[in-house]
Amino acid sequence: MITWKRIRLDNFLFPKIYDYKKEFIRLEEELPLGIRLDKIYDTIDRTKINWLSTNEINGLGKEFISFVNEFYNSGISLYLQKDIKINKPLVIEFNMDKENPTVIDKNIIVAEPNSEATIIFHYSTDDDIEAFHNGFTEIHAKENSTITIIKVQRVNSLSHNFDTNIAYVKGEGKVNWISVELGSHISGSDYTTFLEEEASESNLSSIYLGDGNRKMDLSYSMIHKGPRSISNIETRGALMDNSKKVFRGNLDFKKGARLSKGAEEEYVLLLDPTVKSDSIPALLCEEDDVQGEHAASAGQISESQLFYLMSRGLSEREAKKLIIEGAFRPIIDRIPLEGLKQIIDSEIERRLMNA
Amino acid sequence: MMRDMKILNQDFLIYRGEGMERKKTYIEDVDRGIYDVKNELSYKYKADKGLTPDIVREISREKNEPNWMTDFRLKSLEIYNSKPIPTWGPDLSELNIEEIITYIRPDTEMKHSWDDVPEDIKNTFELLGLPQAERESLAGVGAQYDSEVVYHNIRKELVDQGVVYMDMETALIEYEDIVREYFMTLVPPSDHKFAALHGAVWSGGSFVYVPEGVDVDIPLQSYFRLNAPGAGQFEHTLIIVEKGSRLHFIEGCSAPKYKVNNLHAGCVELFVKENASLRYSTIENWSKNMFNLNTKRAVVDKNGTIEWVSGSFGSKVSMLYPMSILRGEGARSEFTGITFASKGQHLDTGTKVVHAAPYTTSTVNSKSISKDGGYAFYRGLLKVAPKAYGCKSTVSCESLMLDNESISDTLPIIELNNDNIDIGHEAKIGRISDEAIFYLMSRGISEEEAKAMIVRGFVEPITKELPLEYAVELNNLINIELEGTIG
Numbered sequence: 001m002i003t004w005k006r007i008r009l010d011n012f013l014f015p016k017i018y019d020y021k022k023e024f025i026r027l028e029e030e031l032p033l034g035i036r037l038d039k040i041y042d043t044i045d046r047t048k049i050n051w052l053s054t055n056e057i058n059g060l061g062k063e064f065i066s067f068v069n070e071f072y073n074s075g076i077s078l079y080l081q082k083d084i085k086i087n088k089p090l091v092i093e094f095n096m097d098k099e100n101p102t103v104i105d106k107n108i109i110v111a112e113p114n115s116e117a118t119i120i121f122h123y124s125t126d127d128d129i130e131a132f133h134n135g136f137t138e139i140h141a142k143e144n145s146t147i148t149i150i151k152v153q154r155v156n157s158l159s160h161n162f163d164t165n166i167a168y169v170k171g172e173g174k175v176n177w178i179s180v181e182l183g184s185h186i187s188g189s190d191y192t193t194f195l196e197e198e199a200s201e202s203n204l205s206s207i208y209l210g211d212g213n214r215k216m217d218l219s220y221s222m223i224h225k226g227p228r229s230i231s232n233i234e235t236r237g238a239l240m241d242n243s244k245k246v247f248r249g250n251l252d253f254k255k256g257a258r259l260s261k262g263a264e265e266e267y268v269l270l271l272d273p274t275v276k277s278d279s280i281p282a283l284l285c286e287e288d289d290v291q292g293e294h295a296a297s298a299g300q301i302s303e304s305q306l307f308y309l310m311s312r313g314l315s316e317r318e319a320k321k322l323i324i325e326g327a328f329r330p331i332i333d334r335i336p337l338e339g340l341k342q343i344i345d346s347e348i349e350r351r352l353m354n355a
Numbered sequence: 001m002m003r004d005m006k007i008l009n010q011d012f013l014i015y016r017g018e019g020m021e022r023k024k025t026y027i028e029d030v031d032r033g034i035y036d037v038k039n040e041l042s043y044k045y046k047a048d049k050g051l052t053p054d055i056v057r058e059i060s061r062e063k064n065e066p067n068w069m070t071d072f073r074l075k076s077l078e079i080y081n082s083k084p085i086p087t088w089g090p091d092l093s094e095l096n097i098e099e100i101i102t103y104i105r106p107d108t109e110m111k112h113s114w115d116d117v118p119e120d121i122k123n124t125f126e127l128l129g130l131p132q133a134e135r136e137s138l139a140g141v142g143a144q145y146d147s148e149v150v151y152h153n154i155r156k157e158l159v160d161q162g163v164v165y166m167d168m169e170t171a172l173i174e175y176e177d178i179v180r181e182y183f184m185t186l187v188p189p190s191d192h193k194f195a196a197l198h199g200a201v202w203s204g205g206s207f208v209y210v211p212e213g214v215d216v217d218i219p220l221q222s223y224f225r226l227n228a229p230g231a232g233q234f235e236h237t238l239i240i241v242e243k244g245s246r247l248h249f250i251e252g253c254s255a256p257k258y259k260v261n262n263l264h265a266g267c268v269e270l271f272v273k274e275n276a277s278l279r280y281s282t283i284e285n286w287s288k289n290m291f292n293l294n295t296k297r298a299v300v301d302k303n304g305t306i307e308w309v310s311g312s313f314g315s316k317v318s319m320l321y322p323m324s325i326l327r328g329e330g331a332r333s334e335f336t337g338i339t340f341a342s343k344g345q346h347l348d349t350g351t352k353v354v355h356a357a358p359y360t361t362s363t364v365n366s367k368s369i370s371k372d373g374g375y376a377f378y379r380g381l382l383k384v385a386p387k388a389y390g391c392k393s394t395v396s397c398e399s400l401m402l403d404n405e406s407i408s409d410t411l412p413i414i415e416l417n418n419d420n421i422d423i424g425h426e427a428k429i430g431r432i433s434d435e436a437i438f439y440l441m442s443r444g445i446s447e448e449e450a451k452a453m454i455v456r457g458f459v460e461p462i463t464k465e466l467p468l469e470y471a472v473e474l475n476n477l478i479n480i481e482l483e484g485t486i487g
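The listed protein sequences correspond, in order, to chains L and D.
First residue of the first sequence: 1, per the numbering used here; consecutive thereafter.
First residue of the second sequence: 1, per the numbering used here; consecutive thereafter.
In case anyone wonders, no lab produced these hints; they're calculated from the structure.
Just so you know, not all the hints are guaranteed correct.
DSSO-like mimics (lysine-lysine), calculated; alpha carbons at most 27 angstroms apart, straight line [to be verified]:
#	chain 1	residue 1	chain 2	residue 2
1	D	Lys451	L	Lys254
2	D	Lys343	D	Lys243
3	L	Lys21	L	Lys39
4	L	Lys98	L	Lys16
5	L	Lys5	D	Lys288
6	L	Lys261	D	Lys428
7	L	Lys255	D	Lys343
8	D	Lys343	L	Lys321
9	D	Lys428	L	Lys254
10	D	Lys343	L	Lys254
11	D	Lys243	L	Lys255
12	L	Lys22	L	Lys261
13	D	Lys352	D	Lys387
14	L	Lys5	D	Lys451
15	D	Lys343	L	Lys261
16	D	Lys428	L	Lys255
17	L	Lys261	D	Lys451
18	L	Lys5	D	Lys352
19	L	Lys5	L	Lys62
20	L	Lys255	D	Lys392
21	L	Lys39	L	Lys5
22	L	Lys5	D	Lys63
23	D	Lys243	L	Lys321
24	L	Lys254	L	Lys62
25	D	Lys193	D	Lys83
26	L	Lys5	D	Lys83
Some, not all, of what chain D presents toward chain L, calculated at C-beta under 10 angstroms [as the list claims (entries may be wrong)]:
#	residue
27	Tyr175
28	Leu400
29	Pro412
30	Ile414
31	Asn417
32	Glu426
33	Lys428
34	Glu435
Cβ atoms here follow ideal geometry from the backbone N, Cα and C, with glycine treated the same way.
Work out the full structure, taking the sequences as your base and the hints as a guide.
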């Protein structure tokens with residue numbers, strides 16, 4: 001039983017897990033040589049990831065992670081050989097329906113030195129079913145590799161969504177995260193990046209939209225261990241109706257992370273008097289020669305912006321929609337898949353116009 | 001390019017350091033001069049170690065308290081025994097409360113003329129610069145020595161205007177109704193374990209009552225001091241500023257160091273009524289074995305203002321989060337704080353602001369410095385209630401680290417429960433930039449002085465809020481603290 005105070009999860013029990021029978025790897029063309037993409041239960045080569053120190057992993061909590069490790073029903077293992085670069089994103093798509101209402105995905109991505117790839121994970125639900133997703137993704141980005149992970153979460157308002165993401169980044173490696181949180185009744189997601197070595201880098205951009213009775217706990221951690229490591233967190237969100245969100249941003253400079261830089265910024269638009277918005281940005285520092293910054297701001301859409309747009313003939317709702325979309329646009333534009341961008345755009349538009 | 005130069009520069013510094021005897025020493029080796037003077041102990045009365053209902057009754061009887069207060073103390077003791085020691089903050093396992101003597105009364109009666117104060121006590125205060133400050137146009141000095149106020153004076157014109165400034169014990173007898181109405185209503189004993197302990201064994205402290213429409217144009221001051229080894233200090237400060245009045249209250253602390261762990265669990269309750277304004281300034285400089293678990297809280301009515309100016313130095317562990325409850329429309333709070341954590345210190349400080357009414361505003365400006373393995377933790381809460389629309393708040397936290405043995409953390413929690421608000425928060429962490437030092441040195445200033453200048457500039461927003469003699473003292477403290485770091 002799990003109790004999670006801030007998002008009102010009381011004595012939560014994991015539901016019964018069914019097999020996920022649908023195909024989730026979307027491949028339009030053959031993968032080049034040097035890449036191994038398998039379903040998780042086919043192969044996991046643990047020897048490739050010898051620096052993994054599992055005791056550091058907290059994610060959403062031991063319960064959620066060990067549940068995935070024991071009961072996973074889907075997921076990928078991706079292995080990129082040295083110097084291999086793929087330009088086209090790999091798309092992993094989970095669509096939960098009546099026959100497949102649960103996704104417990106375990107994903108492992110290992111990028112050898114100087115490799116590069118973009119992986120998109122898309123979680124959605126079809127019908128008005130009560131779906132359940134609990135995932136765990138771990139990434140090992142070795143020297144000078146670049147991995148971009150895009151996670152789009154659009155499950156319906158009856159469902160629960162939990163997702164833990166961990167990355168280990170070696171010297172001059174880079175992990176980019178883009179998180180789009182649009183759905184679920186209760187959603188908890190955690191992204192933790194360990195910047196292990198010199199000049200490792202991680203950027204995280206996320207957007208969220210809270211409507212109805214949605215409750216979200218979004219937690220982003222950048223743990224600087226290597227010198228000259230760089231991190232950046234940028235979060236934008238909008239809350240309406242009775243929705244609630246908790247934002248946790250942690251910049252943690254461990255001893256030895258000298259000359260590192262970290263920045264985090266959160267901006268939330270509050271659209272209704274009934275919303276709840278908690279922000280817990282933490283800045284932890286054991287090393288003096290670093291630069292850390294965080295900023296959070298919250299407020300309403302400015303009257304003058306609204307007035308301007310409405311004077312141009314837009315209704316209030318349209319004007320608000322335009323402003324919110326404007327705030328989300330720079331992050332959505334980073335998704336390198338036209339079709340998915342359109343899906344996200346129309347989903348946001350539908351939500352804002354129905355409000 | 002720039003970065004390469006920086007590294008070269010650092011290498012050079014290390015090289016230069018090898019041949020020379022470095023001045024780097026730790027604070028405990030530095031003679032803190034007047035801050036470490038202690039007197040021979042002399043008691044009239046000393047309670048047994050540990051805490052039982054009998055001891056609490058004895059304390060109450062010794063003070064000739066009314067029955068309701070005795071009952072209040074016993075009730076608090078019950079709550080105290082039922083509550084666990086908080087574990088979410090600094091490590092308190094070294095704190096053995098049973099060992100701490102809860103009540104020591106100095107061998108002196110209340111004096112109203114400076115000449116009557118015993119010589120040794122006088123000497124200590126003199127070293128702390130108190131009598132001069134008192135003689136030079138300040139209204140009243142209520143200096144707490146051990147557990148009771150030994151010296152107390154207030155200017156005649158304030159008395160004529162109806163301003164009451166006295167020790168809590170006397171207030172309990174002379175103004176029993178007022179004390180009974182307000183005492184520990186803002187910080188109830190059920191709040192946390194140390195509030196309950198305070199309720200059970202409180203002793204000494206100040207009582208200030210400013211009637212409607214009185215502008216107290218000179219700051220009231222009190223200086224607290226701990227002297228007996230193993231003695232806890234549980235002073236209670238109760239300030240009521242009635243409608244349209246204005247007051248500046250200054251509380252300063254300094255204590256010599258002792259080997260026995262010391263506990264300070266004071267309580268400050270401030271009531272700011274409609275259109276009233278109160279500024280509460282503190283410099284806390286406890287000795288480095290002190291556990292400073294102080295609770296301070298203010299409640300502000302319509303269009304009232306509370307201003308906190310807070311300097312936290314000294315102590316082994318501090319948990320101090322002055323709280324402002326803005327319950328009247330248009331109420332305002334302002335917090336300006338500086339925390340300086342040095343070797344062996346864990347200072348967990350911050351502020352809490354609750355916007356409980358519409359159109360309330362708050363500003364938080366916190367600075368912290370850590371060095372020689374010191375641990376400075378800013379922990380803050382900003383909460384906006386569902387009906388508190390039109391609120392505005394700005395929170396800014398800055399941390400300066402003077403070396404890489406120290407730790408500095410920032411954890412500001414923001415909870416918003418409506419949409420019609422304007423909230424901004426920012427935090428920064430870092431060290432003194434080499435460029436700034438280089439610039440100052442190129443102007444002929446030594447490296448030590450350049451660093452000290454930058455640190456003084458960093459804390460300037462705090463010092464400028466303090467009256468001159470306190471600003472001077474704060475700068476002295478910073479110089480004493482910095483001694484040995486730079487070199």
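Quick rundown of the hints versus the structure:
1. D/Lys451 <-> L/Lys254: 25 angstroms, holds
2. D/Lys343 <-> D/Lys243: 45 angstroms, violated
3. L/Lys21 <-> L/Lys39: 12 angstroms, holds
4. L/Lys98 <-> L/Lys16: Holds - the C-alpha atoms of L/Lys16 and L/Lys98 are around 14 angstroms apart, at most 27 angstroms.
5. L/Lys5 <-> D/Lys288: This hinted pair is violated, its Cα atoms lying about 37 angstroms apart.
6. L/Lys261 <-> D/Lys428: Holds, at roughly 11 angstroms.
7. L/Lys255 <-> D/Lys343: This hinted pair holds, its Cα atoms lying about 17 angstroms apart.
8. D/Lys343 <-> L/Lys321: 54 angstroms, violated
9. D/Lys428 <-> L/Lys254: Roughly 16 angstroms separates the two Cα atoms, so the pair holds.
10. D/Lys343 <-> L/Lys254: 19 angstroms, holds
11. D/Lys243 <-> L/Lys255: At roughly 52 angstroms apart (the allowed maximum being 27 angstroms), L/Lys255 and D/Lys243 break the hint.
12. L/Lys22 <-> L/Lys261: Roughly 43 angstroms between the alpha carbons, so the hint for L/Lys22 and L/Lys261 is violated.
13. D/Lys352 <-> D/Lys387: Status holds; Cα separation ~19 angstroms.
14. L/Lys5 <-> D/Lys451: 45 angstroms, violated
15. D/Lys343 <-> L/Lys261: 26 angstroms, holds
16. D/Lys428 <-> L/Lys255: 18 angstroms, holds
17. L/Lys261 <-> D/Lys451: 22 angstroms, holds
18. L/Lys5 <-> D/Lys352: 20 angstroms, holds
19. L/Lys5 <-> L/Lys62: Holds, at about 17 angstroms.
20. L/Lys255 <-> D/Lys392: Violated, at about 37 angstroms.
21. L/Lys39 <-> L/Lys5: 35 angstroms, violated
22. L/Lys5 <-> D/Lys63: 45 angstroms, violated
23. D/Lys243 <-> L/Lys321: Answer violated: D/Lys243 to L/Lys321 is near 46 angstroms, above 27 angstroms.
24. L/Lys254 <-> L/Lys62: It holds: about 23 angstroms lies between the C-alpha atoms, which stays within 27 angstroms.
25. D/Lys193 <-> D/Lys83: Status holds; Cα separation ~5 angstroms.
26. L/Lys5 <-> D/Lys83: OK: L/Lys5 and D/Lys83 at ~21 angstroms, within 27 angstroms.
27. Tyr175: 42 angstroms, violated
28. Leu400: Holds: closest Cβ of chain L sits about 9 angstroms from D/Leu400, inside 10 angstroms.
29. Pro412: 7 angstroms, holds
30. Ile414: Cβ of D/Ile414 sits 4 angstroms from chain L, so the hint holds.
31. Asn417: 5 angstroms, holds
32. Glu426: Nearest chain L Cβ about 4 angstroms off; hint holds.
33. Lys428: 5 angstroms, holds
34. Glu435: 13 angstroms, violated
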